[in-house]
Every structure is written in C-alpha cells, then in structure tokens.
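With the sequences and hints as input, model every part of the structure.
Which chain is which? The protein sequence lines are A and B, in order. Numbering (the working numbering) for the first sequence: 1 to 279. Numbering (the working numbering) for the second sequence: 1 to 283.
Hints in this document: simulated from the structure, not taken from any laboratory. Quick caveat, the model's predicted, so the values are computed rather than measured. You may find that some hints are simply not true.
Unchecked claim - Pair ranges (Cβ atoms, derived): (1) A:Val148 / B:Arg133: 53 to 61 Å; (2) A:Glu141 / B:Gln38: 47 to 55 Å; (3) B:Gly168 / A:Ser229: 36 to 44 Å; (4) A:Asp215 / B:Asp107: 49 to 57 Å; (5) B:Val255 / A:Gln110: 44 to 52 Å.
For glycine and all other residues, C-beta sits at the position ideal for the given N, C-alpha and C.
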Amino acid sequence: MNRREGEGCPRRNADAVQDRDASANPSSPVIAAFKVFQQELDTKHDKYERLVKISRDVTIESKRTIFLLHRVTSVPNAEDILNEADVKLDAVRQKIGQIAEELRGEDIFQFHRAFTAGIQEYVEAVSFLHYIRHRSLISLEEINARLVFMTTEKGSAEALQPGGQVLTFQVTPSDYLLGVADLTGELMRMCISSVGNGDIDTPFQLSQFLRQIHDGFSYIGNTGPYEVSKKLHTLRQSLGKVEDACYALRVRGSEIPKHMLADVFSSRTTLLDPEEGVV
Amino acid sequence: MNRREGEGCPRRNADAVQDRDASANPSSPVIAAFKVFQQELDTKHDKYERLVKISRDVTIESKRTIFLLHRVTSVPNAEDILNEADVKLDAVRQKIGQIAEELRGEDIFQFHRAFTAGIQEYVEAVSFLHYIRHRSLISLEEINARLVFMTTEKLDPKGSAEALQPGGQVLTFQVTPSDYLLGVADLTGELMRMCISSVGNGDIDTPFQLSQFLRQIHDGFSYIGNTGPYEVSKKLHTLRQSLGKVEDACYALRVRGSEIPKHMLADVFSSRTTLLDPEEGVV
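Written as structure tokens, this is what we have:
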C-alpha cells in the first residue's frame, strides 16, 4: 500500500510551481483521477479482506471435519461420524458459496491467493471422506459438481426458481493437486492409528493407494506449481512410514501381539525419521 | 491442533485389551473428559479467530487513517483532514470496544498475539494525529483514557460516553506498554515520510522540529536497549535509518538550501536517499 501523493517524483516537482494551484484545487482532473483510483483500490482490498476471512472459516471448519474423520478407526459405528462429517462439509460448502458470490463478475486470479488455503483444506477434507467411504480418490469433476449454488430471491435453495441464477465455484487444478498432496499426510495418520486399533488390512490398501498417488505426482515432477515439490518430499516420507508399517505387520507381525504393535510403531517412526525420504 | 485420540501412547496401548470396551463406550470417563477438553479448546480457538478478524479490521482502518493524515502537508486546509481522521479513529475505537467485549473475563495474554498488530497500528495512527495537532508525543495514559466503553442494558457500546448510566458497565481496554512502544517505533517511520513530503511541498520548518523529536525518541529507545520486547531491536535499527534520513534532509536544507531553489529540493532528496541507503544506520 504505497502512498499515492507527494512521493517526490522528479518530473512532477519540476512543475511544482505551476501545479501548486492544481494541487490545492480538489477538482483538478489529476486529483479527481486519483480519487477514482483510491475508490477502486479500496473496493478491491476490501473484497480481498472479506475473502480472506471467509477462507479462514473454511479452513477451520475443514480441519475440524478432518479431525472428526480420524475417529472412524476407533469407533465401531462409523456411519454416525460420516453423517456428521457430511453435515459439516455442507456448512463448508455454504461458505464456499459466499466466496463464489464475492467473486461474481471478478477476475478470480486476482483474488486467488486469498481463498486458496481454504479451498485446499476443503479438497483435503472432502477427498478424505470420499476415501473412507469408497476407498478411491475423488475426481476434480466430482468436487466441482457439488459446488453448484442456486441463488434465488430468498437465497440458496435446491428447487430451480424461475429467475434464479446458478452460481458455480470451480476448484482450480493446482488447488486440487495441493489438496490431494495434503490428503496423503492424513491417510498416513489414519494408517498408523488403524494399526494401533488392530486393523491390519487398511495399511496394505493405503500403501498401494499412496504409491499410486506418489507415482502420479512424480509424473508432474517440477512442471506444476512450486508448492508441489515441497509436498512431494512430504509425500515420500508419508509413503515411507506407511510402507514401514506394512513391513512391520507382514514380516514381524507374527512375533508381536496386536496390542503391542502401536508401541513398535511409535519407537520405529521416531528412530527412522532422519532416514526417511530415501524410497 | 494435535489429534487427541489414538496417538499411540505406549502406556495406553499396553492396556488396550481392557480398554477396548472403554474406547467403544462413549460414556467412559476418559472419553467424557476429552469431550470437555474439546469444547474448551474449540471455544478458545473460536474466540482467538474472532479476535484476529477484528484486529485485521483495526489494522486496515488505522492504516487508511495514516494515509489520510499524510495528506495534511499538501492541502492548505488541514482541519478538514484532521476532523475526518477523528471520525475514522472513532470507528476504530468501536472495533477495539468489540475486542474488549470478547476479552471480558479472559486472560488477555492468552489472546495477546491475536490483536497486538491491530493495537500497534492504532497506537501509530492516534499518536500521528496527536503529533500533527500538538507537536508532542501522546502518552500511554492518554491513549488508554480514550479506550473506555460504556455498556448499557441495550448492549450498545458507546465510545467514550460521558454520562454514566445506572446499571451500565464500564469496559476499558488497556494498551500494554510493549504495544505502545512498538506503535511509537512505527510512528517514527511515518514521521520520516511526513518530513520528506513537507520538504517537497516547500515547508522548511517541519524537518528541524522532526529532527529534534525523532532524536529524543531515539534516545529513549536507546535507554531501553535490549531489555524490551524482542521486536524493539529490529525497530530500533529502522528508527536509526529514519532519523538519518531526517537529519540528511535538515543538512540539505541548512547547508545547501541557499544554493537550490525550493521546487528542486525534492529532486535532491529523491536522489540523495537512494544513494545513501546502504550507508544509513551509522549514526
């Protein structure tokens, strides 16, 4: 936010004598033009600020949904938790509808940095829920299909009212990628906790799933957004932890009683941390 | 935000066989205790988040007030701008009243980091306005005296209302001394800008007043040295640079002022400050 007046531009002050009357006169065309600029910029900054606030709400609610979803491994009745998570994610979608409303008629890439964090967290949460239900990766089209908002005169309703508008929010491919990269960290946590609860099938499924995601990211390499390389490094560590869990179960599983397995993992992951990343 | 369940604590899982019934039973005392913790922490985090949002509004409005105040040097009628700035700062005080309402009954130092940026910007704005009017530094007591809010039964916080309503409560917001210090340090940067722009507008008295004023503030900060908050040392460095720029402006005016016509002075400063930037900081 730079100062717009009196910055001491050499060319301007060489005409200072002639301009002094103009700068004292608030209706000169220069001052009037700057007032218009000021209003435009203030409006833009205010919109950016509103988007940041909504995005923070989206981030917090998505994170709480993810914490909720982590509990499915330790509770016998997973359906309640999944339904509760659905409700929470619907609330998050309402917030994303507000983002879409703010962006109506705007260049979304001017405001992208305001809401990108929230959208990545949302992608992480909704793909985590999808994986728990279907053991597969949700696609970008499926995510975007649920971010359709009907605006009627009274607000968002499901019936298509005559005169109602359809507002969609398109998650960009880069946000989708980064959200999926964060998902892998959550899947790794789910794997370790499911082992601690005695579930010895999930780690192997997760190991294959994460391996496929890792291969996909390796195809992208360094052609994607710059955050991808950092997340690829974290992804390799997560994949390593999951594969170590599978190794401990398969090779050493016969030696160790189930309720001691979590002890093995807590000590192994702390010992192996400096060496992970070499796949 | 760490996961609270199933983290794999060795001692807990050694009793996993006995506990398996307990973990499946949602009314076990352990689960119940954790639910209470969850609600407490969620409430605290939600309050922190609301404070961050209010603080961002305070910061933005204070910054806009400062931009407004910078225009007093280029406009003949300063009173309009000062009154407009007063109105804006009253709006900022309303927001600070909301912060005070959120902090009612809480340990303010648990939430201090949420609102400290906004309060520093507010201190910067209100001390800038005070300097333009009175050519002196506003004191912490004066700042706190204006942050008194009356809450009546209608829950209408009135900023600095003078009548005391029966049954109304008085809510005060105390700016901490460290926030005051850091706000004053930021003020010096704005004063340096005001000095350069006033020279560009032909005012040759302000730089000398500012030079003395900033020198006194700098001496005060040097007394504090490294005993204050850790941000003070970084701001002290910036303060030295600002002081250097102001003193260079005074030098150019006094020693070389007779050589240069007024409307060329600003050119001299634009070129001089860019040349001298790497050397500043050596006072």
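Outcome of the hint check:
no., hint, result
1, A:Val148 / B:Arg133: 53 to 61 Å, "holds (55 Å)"
2, A:Glu141 / B:Gln38: 47 to 55 Å, "violated (35 Å)"
3, B:Gly168 / A:Ser229: 36 to 44 Å, "violated (59 Å)"
4, A:Asp215 / B:Asp107: 49 to 57 Å, "holds (50 Å)"
5, B:Val255 / A:Gln110: 44 to 52 Å, "holds (48 Å)"
Hints 2, 3, counting from the list given before, are not met by this structure.
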